[in-house]
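These protein sequence lines are chains A and B, in that order. Position in the first sequence counted from 1, then plus 8, gives you my numbering. Position in the second sequence counted from 1, then plus 715, gives you my numbering.
Treat each hint with caution, since some may be false.
[What the hints assert, rightly or not] BS3-like cross-link-like pairs, simulated, lysine-lysine; straight-line CA separation at most 27 Å:
{"hint": "1", "chain 1": "B", "residue 1": "Lys-1213", "chain 2": "B", "residue 2": "Lys-1007"}
{"hint": "2", "chain 1": "B", "residue 1": "Lys-1009", "chain 2": "A", "residue 2": "Lys-14"}
{"hint": "3", "chain 1": "B", "residue 1": "Lys-1088", "chain 2": "B", "residue 2": "Lys-1055"}
{"hint": "4", "chain 1": "A", "residue 1": "Lys-18", "chain 2": "B", "residue 2": "Lys-1213"}
{"hint": "5", "chain 1": "B", "residue 1": "Lys-984", "chain 2": "B", "residue 2": "Lys-1055"}
{"hint": "6", "chain 1": "B", "residue 1": "Lys-1049", "chain 2": "B", "residue 2": "Lys-1009"}
{"hint": "7", "chain 1": "A", "residue 1": "Lys-236", "chain 2": "B", "residue 2": "Lys-1088"}
{"hint": "8", "chain 1": "B", "residue 1": "Lys-1007", "chain 2": "A", "residue 2": "Lys-14"}
{"hint": "9", "chain 1": "A", "residue 1": "Lys-240", "chain 2": "B", "residue 2": "Lys-843"}
{"hint": "10", "chain 1": "B", "residue 1": "Lys-1049", "chain 2": "B", "residue 2": "Lys-843"}
Everything labelled a hint here was simulated from the structure, so no lab data went into it.
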Amino acid sequence: MGDILKLVLKRLGLGAITLLVVSILIFFAVELLPGDIAQAVLGQGATPETVAALREKLGLDQPAVFRYVHWLGGALTGDFGVSLVSGERVSAAISGRFVNTLFLATYAAVIAVPVSIVLGVIVALLRNTLFDRVANVLTLTSISSPEFFLGYILILYLAVKTNYFPAIASLSADMSFGDLLHRTFLPALTLVLVVTAHMMRMTRAAIINLLASPYIEMARLKGVPPWKVIVKHALPNAWAPIINVVALNLAYLITGVVLVEVVFVYPGVGQLLVDAVAKRDFPIVQACCLIFAATFILLNLAADVGAILTNPRLRHPK
Amino acid sequence: MVPRKDVLLRVSDLRIEGYSDEKWVEIVHGVDLTLHKGEVLGLIGESGAGKSTIGLAAMGFARDGCRISGGSIEFDGMELTTTPESDLRALRGSRIAYVAQSAAASFNPAHRIIDQHTEAPIQYRIQKRVEAQEDAMQLYERLRLPNPGEIGFRYPHQVSGGQLQRAMTAMAMACRPDLIIFDEPTTALDVTTQIEVLAAIRDIVDQFNTAAIYITHDLAVVAQMADTIKVLLKGEEVEEAPTEQMLDSPKEDYTKSLWAVRSFQRPQKQRPSEPDTLPIVSVQGIDAAYGKTKVLDDVSFDIYPGMTVAVVGESGSGKSTTARCITGLLPPTKGQILFKGEPLPPRYQDRSKDQLRQAQMIYQMADTALNPKIRISEIIGRPAQFYGGLRGAKLKNRVDELLDLIELEPSKFYNRYPPELSGGQKQRVGIARALAADPSFIICDEVTSALDQLVAEGILKLLDRLQQEFNLAYMFITHDLATVRSIADEVVVMQRGKVVEQGPKDEMFTPPHHPYTDLLLSSVPEMDPNWLTTLLEERGTDAIGEAADV
């Protein structure tokens, strides 16, 4: 186990370096955006004196490198500065939203991951049958449709016409957990439909890839029934690619939900980010991007570790 | 001879088709086969003879892309060709079992050995888990596996190849089947390990009076195992006879040609007599390591121009690692390598183009050593272009000339791709690629071990002719002593990273030997059907176990 711990630490270190590079990219990409922040905040009527005063107050008169170091130093201690628009602390503005986004992502993941792996196993077992083709066509259709389109279709059929679920996923503090699940079901379902195809197809491919292995033939020659050949003999050796795709999709659930949040008016980070970009609220944009990047890096790290833990050669060294 | 007993398996006019190029092609053309209870039938033939396909058909099984298209397979009164799949499945593992060629690949890496062993008995409700585990341990003990009580609880990668092969035989025995199909069970093993596995298989088949089909391409091996031998060629039977009769007086020309393969031998050359002749390659006291694991310990030997030095030893003895040091892929940690008297830089990156050109390599698996997406002309032409600076018409002439040298007609092969070629032809292309650089020294790493005997002999003859024509020096890495006997001038015997003995071939093959050389030599199966029995008596069973488990 010591080896695995060492490896995790090494990957964490590399992840930190990646994050640093990403932070540089984010900061200077935002710098490159046209227009002056102080001007944008104060509007057309501002006098040059008030603009200059605000620039000074925001530290915009300092060189960019200096501001980057200052920002990074703050970010490391959890201080991302204050919102230019509301004057609220960025960390406070984001944290509640981020929890909401995490909740929605988890909700979708809890449904999507088991469903797609089980479906993947079933289509691998029934490969090249009608069921396999139908599952393929349906999941491909759902992955090929834009999220907002899927979202509106679901709203039309499950909210407007039948009234099973609310069309708008607004939250209030005194909601029960059941209420919460009910109210956020449609955005979660939209996300499930978007990510299932990818994970299911990878599960199918990873399993089928192994079916030509001598140990699968051996299992068949021992009289092991087909479902058990897949579940017991192929699946345990197919985890590594499956875990990687699951991690990628989980990252997508957290970072790629902007459209879904907008369609369902869900108070998550994605919506906050869209608002912030429109209003040039750069501290929020930078903080959101950094959080997204960290999410990606952490989930990929988790996938690597997961792939290692499912490899018997590494789990049981000689 | 086995006395007449009840017929267990009767196959008649078996026809099997394979799917290729979008149509079904017959690959087994009406084979008959009769097996009595407790009898061992040897199926022998080159690759493509249909041995494995027929063996699997005896279980009512056809690989993906194959189908049983005609004839009948009657197992203990049951017609397998018309039996539904679910009933066939109930036979497999319980009444007919299978032992595959590579146990390392055929054990599932994700499960412990004993869990794979007990899978069938538990599934067929023959035994409960604990009983099945106890039975497995008893079988491990009978097959003389070390630590029979504990070894099953390891994962396949934690156990050596020879031990795995015995564990797989034990697994086949788990339900005490009536019939076991052994599909080349010792082909992937070293000679010393092979003996151990052969003895174990023979004992246990004997003890339980199990009938077996023993598939192999090695005549000497099948002679030890089978009561009857059937020779196959391209999906058809050549002849069948009791083992002794088959060995003493084969009837068909094809069988005789198989028997004769081992006879190729070229005269042994001596080192040049002039005292100032420099060896072309002189390996001087090299050590090498992979990470912290030391794999070579003070290896020294010389190779003179125009001579063949065979480096022999079991897997893991450091033969290929020595080659990697000579080519500069793995810099030695100590010692040096001289090329025509000049020290070679340890890393190939530091060597001059001419130094690189002079030493070339031919690999064991021509399949993987040739890029399948590149034309033969380009594979051979690239080194000619890179080292010789040839272009245009000159380059084409050179490639044609090289194709002529390896006896492949230029007009036919110039534009073809490796997957269109047979195994022997691919290996010839590998040879041409090495020759294209116009080298003076070639490392041949197990170049014939993936080939059938007849094809291998063709390659050896070709290498010999090229050696005479171009005065090439060969370092011939092999574990096959028959190959050594046919082409080597000098022999270097390696064991666990050390050279244990070296000298001219005739001396190496005459006693007294180093004990390890002796073990290697005496482990090579001979055609005599009593060879294994006699050898085991000489060595005593305990000595055998130790020899194979070192």
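Outcome of the hint check:
no., hint, result
1, B:Lys-1213 / B:Lys-1007, "holds (17 Å)"
2, B:Lys-1009 / A:Lys-14, "holds (24 Å)"
3, B:Lys-1088 / B:Lys-1055, "violated (37 Å)"
4, A:Lys-18 / B:Lys-1213, "violated (37 Å)"
5, B:Lys-984 / B:Lys-1055, "holds (19 Å)"
6, B:Lys-1049 / B:Lys-1009, "holds (11 Å)"
7, A:Lys-236 / B:Lys-1088, "violated (38 Å)"
8, B:Lys-1007 / A:Lys-14, "holds (18 Å)"
9, A:Lys-240 / B:Lys-843, "holds (19 Å)"
10, B:Lys-1049 / B:Lys-843, "violated (57 Å)"
Violated hints, listed in ascending order, are 3, 4, 7 and 10; each of the other numbered hints is respected by the structure.
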